[in-house]
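Trainee: Spelled out, the chains give:
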Amino acid sequence: MPAASAIRTLVVDDQLTMRALVRTSLQQIGMRDIEEAPDGEVALRSLLVQPVHLVISDFNMPNLDGLSLLRAIRAHPPLSKTAFIMLTGRADRELVQRAVQFGVNNYLVKPFTTAQLKEKLEAVFGPLT
Amino acid sequence: MSDDPFEAIKATFFQECEELLADLEGNLLTLESGSTDIEVINAVFRAVHSVKGGAGAFGLEDLVRFAHVFETLMDELRSGRKPCDDPTVKTLLRASDVLADHVAAARGAGAPVDPARSAGLVAELEALTYGGTAPVAAAEPEEDDFGFTPVAMDLGAFEAPAGLPDLPDLPPLPDLAALAPLSAPAPLPDLSASAAAGGWKIVFRPHPRLYASANETGLLLRELARLGPTRVELDDSGLPLLDALEPTDSHLIWTIELDGDASEAEVREVFDFVEMDCDLSITPLSGDGPAEAAPTAVEAESDASALARAASSELDIAALLASVGAAPTEAPAPVAATPVVAPVVDPVAPPPVAAKPAPAAPAPVQAAPAAAAPVTIRVDLERVDRLINAVGELVIQQAMLAQRVTESGLARSSDIGLGLEDLELLTREIQDSVMAIRAQPVKSVFQRMPRLVREAAEATGKKVKLVTSGEDTEVDKTVVERLSDPITHMLRNAIDHGLEGPEERLAAGKPAEGTVRLAALHRSGRIVIEISDDGKGINRPRVRGIAVERGLIAEDAVLSDDEIDNLIFLPGFSTATEVSDLSGRGVGMDVVRRSIQSLGGRISISSVLGKGSTFTLSLPLTLAVLDGMVVGAGEQTLVAPLAAIVESLTPSEADIHYVGGVDPVLRFREAFVPLVDVAQAMGFRDQPAALKGAVVMIVETESGQRAALLVDAIHGQRQVVIKSLETHYRHVEGVAAATILGDGRVALILDIDALVTAKRSRTPSRSDLQMAS
Numbered sequence: 001m002p003a004a005s006a007i008r009t010l011v012v013d014d015q016l017t018m019r020a021l022v023r024t025s026l027q028q029i030g031m032r033d034i035e036e037a038p039d040g041e042v043a044l045r046s047l048l049v050q051p052v053h054l055v056i057s058d059f060n061m062p063n064l065d066g067l068s069l070l071r072a073i074r075a076h077p078p079l080s081k082t083a084f085i086m087l088t089g090r091a092d093r094e095l096v097q098r099a100v101q102f103g104v105n106n107y108l109v110k111p112f113t114t115a116q117l118k119e120k121l122e123a124v125f126g127p128l129t
Numbered sequence: 001m002s003d004d005p006f007e008a009i010k011a012t013f014f015q016e017c018e019e020l021l022a023d024l025e026g027n028l029l030t031l032e033s034g035s036t037d038i039e040v041i042n043a044v045f046r047a048v049h050s051v052k053g054g055a056g057a058f059g060l061e062d063l064v065r066f067a068h069v070f071e072t073l074m075d076e077l078r079s080g081r082k083p084c085d086d087p088t089v090k091t092l093l094r095a096s097d098v099l100a101d102h103v104a105a106a107r108g109a110g111a112p113v114d115p116a117r118s119a120g121l122v123a124e125l126e127a128l129t130y131g132g133t134a135p136v137a138a139a140e141p142e143e144d145d146f147g148f149t150p151v152a153m154d155l156g157a158f159e160a161p162a163g164l165p166d167l168p169d170l171p172p173l174p175d176l177a178a179l180a181p182l183s184a185p186a187p188l189p190d191l192s193a194s195a196a197a198g199g200w201k202i203v204f205r206p207h208p209r210l211y212a213s214a215n216e217t218g219l220l221l222r223e224l225a226r227l228g229p230t231r232v233e234l235d236d237s238g239l240p241l242l243d244a245l246e247p248t249d250s251h252l253i254w255t256i257e258l259d260g261d262a263s264e265a266e267v268r269e270v271f272d273f274v275e276m277d278c279d280l281s282i283t284p285l286s287g288d289g290p291a292e293a294a295p296t297a298v299e300a301e302s303d304a305s306a307l308a309r310a311a312s313s314e315l316d317i318a319a320l321l322a323s324v325g326a327a328p329t330e331a332p333a334p335v336a337a338t339p340v341v342a343p344v345v346d347p348v349a350p351p352p353v354a355a356k357p358a359p360a361a362p363a364p365v366q367a368a369p370a371a372a373a374p375v376t377i378r379v380d381l382e383r384v385d386r387l388i389n390a391v392g393e394l395v396i397q398q399a400m401l402a403q404r405v406t407e408s409g410l411a412r413s414s415d416i417g418l419g420l421e422d423l424e425l426l427t428r429e430i431q432d433s434v435m436a437i438r439a440q441p442v443k444s445v446f447q448r449m450p451r452l453v454r455e456a457a458e459a460t461g462k463k464v465k466l467v468t469s470g471e472d473t474e475v476d477k478t479v480v481e482r483l484s485d486p487i488t489h490m491l492r493n494a495i496d497h498g499l500e501g502p503e504e505r506l507a508a509g510k511p512a513e514g515t516v517r518l519a520a521l522h523r524s525g526r527i528v529i530e531i532s533d534d535g536k537g538i539n540r541p542r543v544r545g546i547a548v549e550r551g552l553i554a555e556d557a558v559l560s561d562d563e564i565d566n567l568i569f570l571p572g573f574s575t576a577t578e579v580s581d582l583s584g585r586g587v588g589m590d591v592v593r594r595s596i597q598s599l600g601g602r603i604s605i606s607s608v609l610g611k612g613s614t615f616t617l618s619l620p621l622t623l624a625v626l627d628g629m630v631v632g633a634g635e636q637t638l639v640a641p642l643a644a645i646v647e648s649l650t651p652s653e654a655d656i657h658y659v660g661g662v663d664p665v666l667r668f669r670e671a672f673v674p675l676v677d678v679a680q681a682m683g684f685r686d687q688p689a690a691l692k693g694a695v696v697m698i699v700e701t702e703s704g705q706r707a708a709l710l711v712d713a714i715h716g717q718r719q720v721v722i723k724s725l726e727t728h729y730r731h732v733e734g735v736a737a738a739t740i741l742g743d744g745r746v747a748l749i750l751d752i753d754a755l756v757t758a759k760r761s762r763t764p765s766r767s768d769l770q771m772a773s
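Chains G and L, in that order, give the protein sequences.
If you number the first sequence the way full-length UniProt numbering does, the last residue is 129 and the count never jumps.
If you number the second sequence the way full-length UniProt numbering does, the last residue is 773 and the count never jumps.
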């Protein structure tokens with residue numbers, strides 16, 4: 001049963017608003033250690049120096065999109081164990097199915113509530129304290 | 001948390017929307033100019049998608065619905081299922097306007113969106129999306145269950161699901177070797193392991209805020225003791241003597257050695273609520289060197305600063321990139337000996353040069369241009385103005401000092417003389433730099449114009465293309481803000497009156513689509529804005545006829561083409577025979593001229609019949625300094641704004657006439673202009689000045705009338721720092737402001753308009769004068 005405050009998270013989204021929303025919800029769940037990146041490439045660079053337990057990433061971003069980020073993480077042994085939650089829109093069924101093939105851990109449909117986010121996290125990590 | 005954090009994010013969202021909408025429009029204009037770049041289409045999709053996403057989070061239903069229809073069409077376009085042709089892009093541009101209106105309405109900053117207009121565009125977008133057939137399922141699926149089973153992470157090995165089909169159309173993965181820095185990544189604390197047998201050394205230094213928020217260090221220590229046996233050491237060396245002690249300050253540092261097998265997370269949890277209000281370091285007790293201590297030595301301070309950094313993500317990303325980019329250039333020290341801490345990022349580090357970590361390996365992906373953007377800070381405008389004011393004082397002090405030194409007979413080549421010269425250069429540099437802080441690119445005004453042109457074109461049924469240049473030209477913030485209205489008005493005017501309708505253009509051998517250009521450039525220390533059209537040009541006989549009809553000029557007045565063109569700036573002049581819906585909104589070009597002149601600017605027009613017209617605005621770069629002519633009048637030194645002066649001359653007795661035997665007028669270029677003796681008008685002396693040796697400045701008021709100002713002498717042209725007279729004294733008729741000269745004397749800056757108007761009230765009306773000519 002991991003403590004939420006101990007989970008280090010990287011939030012990847014090209015939209016500042018969305019990153020702030022995810023961060024605020026994560027903080028309400030009790031997370032403390034939250035980094036942000038505006039696209040997949042910056043995220044990857046950041047992960048290589050500072051790995052995290054959890055990546056929460058958008059799909060559609062410039063430079064390197066969410067699916068490619070997921071693939072890159074899974075393909076790189078030091079990072080491959082990182083939990084990955086994909087942020088999606090309601091209509092992105094097809095994308096979620098592809099993400100499953102690449103080993104996504106869970107997905108979160110926008111707009112979301114803090115409770116929904118927590119539920120998605122717990123499905124991956126087990127109950128959080 | 002006292003305030004709802006989501007309200008603050010909502011403000012961020014609207015701010016971000018501004019940027020998204022600007023990007024959206026910019027990209028659509030790129031498409032309009034014929035680009036079919038899939039990346040541009042994708043960027044448009046992303047912008048709309050982001051607006052929708054944020055709007056959904058805040059329950060802005062109208063905005064979501066409209067954005068969704070927009071997004072659906074963009075999805076068709078980016079997948080290539082529908083062509084991105086010109087009519088489509090035109091519709092998208094109008095849709096982006098309505099989207100902007102929806103955003104403004106949601107923000108409460110604009111009128112509610114006209115439902116008919118919105119619905120009309122929704123219908124147009126849907127027609128393009130579904131090709132005329134009714135949408136089968138326009139609504140988004142309500143259900144968000146994708147038949148997905150979450151993959152639990154036991155923090156053990158991750159196994160990719162087996163038996164997956166091959167996916168041939170995948171883009172190549174970024175080359176991690178090229179991205180990988182030479183230094184080892186910071187190890188990740190292991191969540192499952194309770195690790196670090198042998199205990200922890202905790203250094204805990206509360207900030208005053210920790211006490212202020214009613215936390216009790218004793219309770220924290222007791223909490224720690226529950227994790228295992230502790231040895232506590234108190235460092236009270238920072239404690240001042242009793243009479244110097246500020247009871248709300250914090251002076252104590254505790255060092256706690258905790259034995260046992262508690263995990264770092266457990267230790268950290270004790271400090272969970274006070275982490276932001278203290279310096280905290282947690283290191284393994286057994287660690288005997290920095291390298292080994294490193295894995296968990298994540299300093300609370302750097303954590304706190306990481307959080308602070310994250311608040312401003314641009315800064316964060318730029319800095320992160322910098323830290324990654326910088327890594328390979330560091331000396332390749334043995335990894336084990338390098339204390340590995342979470343990358344400490346200096347938030348005030350200079351903007352990173354977009355350095356690639358491994359120059360040898362070709363980078364697989366392009367660096368994000370946004371990530372290399374210059375680091376910025378937000379500063380209260382009042383602080384900047386205070387600084388500008390102080391620098392103004394500095395400039396004056398420096399000038400006074402220089403004058404004193406000259407007067408005291410010290411040679412320029414003396415140590416003091418040379419030092420002063422350096423000081424002068426430095427002062428100038430400071431002044432320029434400080435002025436540059438207030439400078440902003442005119443982009444913020446220019447980027448509002450494409451929409452305006454589209455709407456004006458729609459209203460007049462004309463085809464118009466807007467071409468802008470020089471968006472990055474910088475000018476004082478106040479000037480930028482006050483440029484919007486004049487430019488808006490002149491653009492409307494150019495489209496309404498300047499450009500012809502498509503048939504008329506074709507008949508004249510021009511393309512059906514008219515071109516309006518909006519350009520900004522720097523020219524000799526001023527900013528110049530040009531608005532030109534390739535329309536029919538000014539119909540001079542008609543303009544002249546109207547001016548005569550309105551009594552603005554005498555029927556037989558001899559005017560150059562240039563003078564005729566500039567008649568349109570006179571108050572009461574409007575060439576529109578019927579008040580058109582567009583530019584005839586009760587304001588004429590005289591209002592434009594007045595607002596430009598209130599900024600110390602000038603406006604002029606040049607026109608070629610059948611080819612078009614060009615309006616040229618010339619404005620000072622700043623409102624804090626003024627180019628002035630220093631003149632002497634009756635023992636006093638005054639400053640006349642250079643922008644108002646047309647020319648200066650030495651009058652001859654023969655040129656001066658008296659209207660009604662009292663009021664002097666000066667014959668100037670075959671016309672009579674009222675002559676104002678400045679010293680007399682300002683009350684410096686009772687008797688009119690002796691003409692011998694006197695100088696006349698021909699000035700032009702904001703309403704375009706000319707007058708002659710008689711002064712005793714012209715001392716020279718100088719840049720002066722403007723000081724408000726009202727804040728230090730009170731408003732004085734005929735005086736716009738004051739300044740301090742190099743010799744320390746205060747000089748008044750003349751208010752040309754007030755001087756001339758005051759004179760006019762006692763002189764015959766202009767038409768009388770013109771009759772006389």
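Note that these hints are calculated values from the structure, not bench results.
It is possible that part of the hints are untrue.
Result set (DSBU-like, lysine-lysine): computed pairs, CA atoms no more than 35 Å apart in a straight line [stated by the list, open to error]:
1. Lys463/L - Lys443/L
2. Lys90/L - Lys120/G
3. Lys118/G - Lys692/L
If you only want the chain L side, here are some residues facing chain G, beta carbon under 10 Å, derived [unchecked claim]:
4. Glu19
5. Ala22
6. Gly26
7. Gly34
8. Ser35
9. Glu39
10. Ser50
11. Phe58
12. Glu269
13. Ala457
14. Asn539
15. Pro541
In this text, a Cβ means the ideal position worked out from N, Cα and C, and glycines have one as well.
Trainee: Against this structure, judge whether each hint is valid.
Mentor: How the hints compare with the structure:
no.: 1; hint: Lys463/L - Lys443/L; in the structure: holds, 24 Å
no.: 2; hint: Lys90/L - Lys120/G; in the structure: violated, 42 Å
no.: 3; hint: Lys118/G - Lys692/L; in the structure: violated, 91 Å
no.: 4; hint: Glu19; in the structure: holds, 9 Å
no.: 5; hint: Ala22; in the structure: violated, 15 Å
no.: 6; hint: Gly26; in the structure: violated, 14 Å
no.: 7; hint: Gly34; in the structure: violated, 22 Å
no.: 8; hint: Ser35; in the structure: violated, 17 Å
no.: 9; hint: Glu39; in the structure: holds, 8 Å
no.: 10; hint: Ser50; in the structure: holds, 5 Å
no.: 11; hint: Phe58; in the structure: holds, 8 Å
no.: 12; hint: Glu269; in the structure: holds, 6 Å
no.: 13; hint: Ala457; in the structure: violated, 32 Å
no.: 14; hint: Asn539; in the structure: violated, 51 Å
no.: 15; hint: Pro541; in the structure: violated, 57 Å
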